[in-house]
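Peer 1: From first to last, the protein sequence lines stand for chains A and B. 528 is the number that this note's numbering gives to position 48 of the first sequence; each next residue is one higher, with no gaps. 99 is the number that this note's numbering gives to position 44 of the second sequence; each next residue is one higher, with no gaps.
Everything labelled a hint here was simulated from the structure, so no lab data went into it. There's no promise every hint is true.
From the structure, some residues in chain A lie toward chain B, with a derived Cβ separation under 7 Å [claimed, not checked]:
#1 V506
#2 Q511
#3 G514
#4 C515
#5 K518
#6 L519
#7 D538
#8 Y565
#9 Q605
#10 V608
#11 Y652
#12 R653
#13 I655
#14 R659
Here are the simulated lysine to any residue pairs, SDA-like style, with alpha carbons at most 25 Å apart [as the list claims (entries may be wrong)]:
#15 A/K549 / B/P185
#16 A/K550 / B/R137
#17 A/K550 / B/V120
#18 B/K135 / A/G501
#19 A/K648 / B/E75
#20 B/K135 / A/L499
#21 A/K553 / B/R94
#22 A/K549 / B/R140
#23 A/K648 / B/E87
#24 B/K135 / A/R497
#25 A/K518 / B/A241
#26 A/K549 / B/K135
#27 A/K553 / B/L270
#28 A/K550 / B/H111
#29 A/K518 / B/Q128
#30 A/K648 / B/R94
#31 A/K553 / B/G127
#32 A/K518 / B/T114
#33 A/K648 / B/T114
#34 A/K550 / B/A131
#35 A/K550 / B/Q136
#36 A/K518 / A/D542
#37 A/K648 / B/P71
#38 A/K553 / B/W121
#39 A/K549 / B/E123
#40 A/K553 / B/E245
For each residue, glycine too, the CB sits at the ideal point set by N, CA and C.
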Amino acid sequence: MPSPEPSPSQDLALVQRALNGHSDAVRPLAQRLGCVPKLLARINARRGSPLTSHDLEDLGQDALIAIWKKLEKFSGQTTLEGWLYRFCFLEFMNRSRVKGRMPRPMPVELDTLEGGEGASDWPAQEEVEEALRELGYPDEDVIRLRHFENLSFDQAAEALGIPSSTAKTRYYRGIRRLRHRLRGLAPEGHRDER
Amino acid sequence: MNDDQLRRALEEGLDPSSDEARELLGSVEAQEELRDCQRLVAGLERAGDLQRSDLHGVTSEEVPVWIEQFVGQRVAERGKQRTVRSRRRLWIPALMAAAALLMLISLWPTREPEAPTRTILGSSFTALEPSGPCAEFSGFSWEYDGPAHGYFVVQVFSVDSSTDRALLESPRLTESLWSLSPREIALLPERIEWEVRAFDGSTRLIGSRSASAFLSP
Chain A
481 MPSPEPSPSQ
491 DLALVQRALN
501 GHSDAVRPLA
511 QRLGCVPKLL
521 ARINARRGSP
531 LTSHDLEDLG
541 QDALIAIWKK
551 LEKFSGQTTL
561 EGWLYRFCFL
571 EFMNRSRVKG
581 RMPRPMPVEL
591 DTLEGGEGAS
601 DWPAQEEVEE
611 ALRELGYPDE
621 DVIRLRHFEN
631 LSFDQAAEAL
641 GIPSSTAKTR
651 YYRGIRRLRH
661 RLRGLAPEGH
671 RDER
Chain B
56 MNDDQLRRAL
66 EEGLDPSSDE
76 ARELLGSVEA
86 QEELRDCQRL
96 VAGLERAGDL
106 QRSDLHGVTS
116 EEVPVWIEQF
126 VGQRVAERGK
136 QRTVRSRRRL
146 WIPALMAAAA
156 LLMLISLWPT
166 REPEAPTRTI
176 LGSSFTALEP
186 SGPCAEFSGF
196 SWEYDGPAHG
206 YFVVQVFSVD
216 SSTDRALLES
226 PRLTESLWSL
236 SPREIALLPE
246 RIEWEVRAFD
256 GSTRLIGSRS
266 ASAFLSP
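Just chain B, same shape as in the assembly:
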């Protein structure tokens, strides 16, 4: 059976076992192929009906907060990338201004992806992970060998954000580890800075350390 024969048989709704089908198709094998194709088309119709049934009324005004946050973050990242691309087109005049700006910027502390970790209050945090390039953000870990502590708290920031508001903050942790849920992972951009703080039993800060990390294939 060829495509044209199939078209005629399906358009005319021929019964595969009828004389008309036999005359058109010329062989028992072709008749069986027609029967199969008719069942296949019926199967496609069923699949289409199921899809339409599943899709009926599935969109609503209410949107889960985490979805709106996810989309908002991804769109914002795209906006930043677009801004970077459009700025590259102005590199000649921008280069001159940038040279002057760099001298000023270098006088201020910056959040660089590979900046060395900083420590305050003489804490003894080591082995902060993630730090630098990493394949994924699944959680945070560190080693602590400082004064006796009550708990840790971790805060995560976006390197590219114009605000200092934390993207994520952990609950009070008694272990040197904070594993993220898939929802929390989805909220993280590609470059982050994170800080772990140690508090004593009286909720007094006794030490902290921060690190930067970025996703790299």
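If we strip away everything but chain A, and leave its shape as in the complex, we get:
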């Protein structure tokens, strides 16, 4: 049976201890940040390995430096690994572009909808990540908690400190806004259209 994973609030406490210079936070935080090279390697492998092992080694160090600079922004709404994943994914995509080696699109078999009408290649993972980042607070938070942290609306609302009804409102509004961004449509207002 796998050991229980730390909760986002425990992750936040760990990060804050490290940022406050407590030496007892070094080893546990280093253990968590140790996932960065592995994450990059997995993302790279999934995308057809556009980066060499040397590239990945450099990228791992650069990613860690970037992560440390932004660590104060970790708010404990998601797990630390979930937060790190976003950094790793974006750093990987940026480095692939710089190297002129665009990653292979996601394999078709992973895009097949279960019981659906067939393969769908929209939207790609990188499109989703970029559009979510542009979407920003507060809608991005709910969508990430729902789909990336696999939380229910009630759980997401509790994590964000908002009523469940507000979480749902932000979610559905965010889905529509996300759809507009991904389709390159003109932005619409946030009010319901009636």
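Knowing the structure of chain A, use the given hints to seat chain B on it.
Peer 2: Same frame as chain A, but now just chain B:
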């Protein structure tokens, strides 16, 4: 289509081309928007699955040494900053003690960020870089016009460290340049003192020079 219509359509799992969807949404455009949103939600589910798959089992007990060193150094720097901040709150009584201490401290040699470079054994090192404020630490260079040498060695120290142990030491260099790898750069604090030494072919020290540098935007 408005947010509430989308919520109802998604919660009920309506087929966009069904009569129920047509009745709820009222237009072909809205039905197409629903179809898009359903694909988008499926795309988000896929992205979430991929993330969870990538994260599965990614944390382990073993930590690369360089990561632990990196974190240890950064946390230690934070600790020093915290100590400085907490000490500032005691400035009134500390000021009095500091005034007395300064008189004593001034009698000892200190590592100041802008201290002049020092030379020993009559060496001819000039143009040491980096020196003083600099944008980044990417490597070390110097000009040497002294006795014939066999090789150079560079050592880098933290100005704020309580020990004299070098943070980094170069291999034997035949050129007046030492470029750092990203991993080595990550180990450096914001203020450093570094020393370059020249050795002859018999590994005898024939000269050295040091300089201080600090990161400044």
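Peer 1: Hint by hint, say whether it matches the structure.
Peer 2: Evaluation of the provided hints:
| no. | hint | in the structure |
| --- | --- | --- |
| 1 | V506 | holds, 5 Å |
| 2 | Q511 | holds, 5 Å |
| 3 | G514 | holds, 4 Å |
| 4 | C515 | holds, 4 Å |
| 5 | K518 | holds, 5 Å |
| 6 | L519 | holds, 6 Å |
| 7 | D538 | holds, 6 Å |
| 8 | Y565 | holds, 5 Å |
| 9 | Q605 | holds, 5 Å |
| 10 | V608 | holds, 5 Å |
| 11 | Y652 | holds, 5 Å |
| 12 | R653 | holds, 5 Å |
| 13 | I655 | holds, 5 Å |
| 14 | R659 | holds, 5 Å |
| 15 | A/K549 / B/P185 | holds, 23 Å |
| 16 | A/K550 / B/R137 | holds, 18 Å |
| 17 | A/K550 / B/V120 | holds, 22 Å |
| 18 | B/K135 / A/G501 | holds, 7 Å |
| 19 | A/K648 / B/E75 | holds, 22 Å |
| 20 | B/K135 / A/L499 | holds, 11 Å |
| 21 | A/K553 / B/R94 | violated, 31 Å |
| 22 | A/K549 / B/R140 | holds, 20 Å |
| 23 | A/K648 / B/E87 | holds, 22 Å |
| 24 | B/K135 / A/R497 | holds, 14 Å |
| 25 | A/K518 / B/A241 | holds, 19 Å |
| 26 | A/K549 / B/K135 | holds, 17 Å |
| 27 | A/K553 / B/L270 | holds, 23 Å |
| 28 | A/K550 / B/H111 | holds, 24 Å |
| 29 | A/K518 / B/Q128 | holds, 22 Å |
| 30 | A/K648 / B/R94 | holds, 19 Å |
| 31 | A/K553 / B/G127 | holds, 20 Å |
| 32 | A/K518 / B/T114 | holds, 9 Å |
| 33 | A/K648 / B/T114 | violated, 32 Å |
| 34 | A/K550 / B/A131 | holds, 17 Å |
| 35 | A/K550 / B/Q136 | holds, 18 Å |
| 36 | A/K518 / A/D542 | holds, 14 Å |
| 37 | A/K648 / B/P71 | holds, 21 Å |
| 38 | A/K553 / B/W121 | holds, 24 Å |
| 39 | A/K549 / B/E123 | holds, 16 Å |
| 40 | A/K553 / B/E245 | holds, 22 Å |
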